[in-house]
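Peer 1: Sequence:
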Amino acid sequence: MEEYNDKLHDIIKERLAERDRKCKSMKEWNRKQNSSNLKPLIGIAVAACLVGALFIIPWQTSSDDIIGTRSASQNIEELISQEKYDEALLIIEDELHSSDSTLNALQQDSSMIDEETEYEINVIQLKIRDLKEQREKIIKKIKK
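In numbering that gives the first Met the number 0, the protein residues as written are 0 to 143.
Simulated from the structure, these hints should not be mistaken for lab results. It cannot be assumed that every hint is accurate.
[What the hints assert, rightly or not] Here are the simulated DSS-like cross-link-like pairs (lysine-lysine), alpha carbons at most 30 Å apart as the crow flies: (1) K31 to K21; (2) K139 to K83; (3) K83 to K143; (4) K12 to K31; (5) K142 to K83; (6) K83 to K136; (7) K26 to K12; (8) K83 to K131; (9) K143 to K131; (10) K23 to K6; (11) K140 to K83; (12) K142 to K131; (13) K6 to K21; (14) K12 to K23.
Every value quoted in this text rests on a predicted model; they were computed, and no experiment measured them.
Kindly generate the complete structure, drawing on both the sequences and the hints.
Peer 2: Printed below as a string of structure tokens:
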């Protein structure tokens, strides 16, 4: 009988060991399955970040043009307040010349104008209009 109990005991030990092995395998499979569920979510998050970056980058380049315009206008305003009209006129003429040449370059190929180029053209036209108004303002002050 002891031999029967020993064999039964060995069979039970083998079955329990097999059960433990299967449980560990199932846990590992579940972990792999959970991590594979995250992969599409990570891909979607990365794609969303890239799309967001593509929309933000064009706006940043346009704002640099506006900042340059504002700083030039601020320098001109400072010169006018200090009554240095000749220096202000020189800056205005230089800005007008560079803005005109940039505007002509952008408008040359009208078939390739996209929304961003149209925006840049509008910004430059506005800058030219402001510079001409400042030039007239200085000329009036000089005549007084």
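Peer 1: Against each hint, give a clear statement of whether it holds in the structure.
Peer 2: Evaluation of the provided hints:
no. : hint         : in the structure
1   : K31 to K21   : 15 Å, holds
2   : K139 to K83  : 14 Å, holds
3   : K83 to K143  : 14 Å, holds
4   : K12 to K31   : 29 Å, holds
5   : K142 to K83  : 14 Å, holds
6   : K83 to K136  : 13 Å, holds
7   : K26 to K12   : 21 Å, holds
8   : K83 to K131  : 17 Å, holds
9   : K143 to K131 : 19 Å, holds
10  : K23 to K6    : 26 Å, holds
11  : K140 to K83  : 11 Å, holds
12  : K142 to K131 : 17 Å, holds
13  : K6 to K21    : 22 Å, holds
14  : K12 to K23   : 17 Å, holds
Hint compliance for this structure: no hint is broken.
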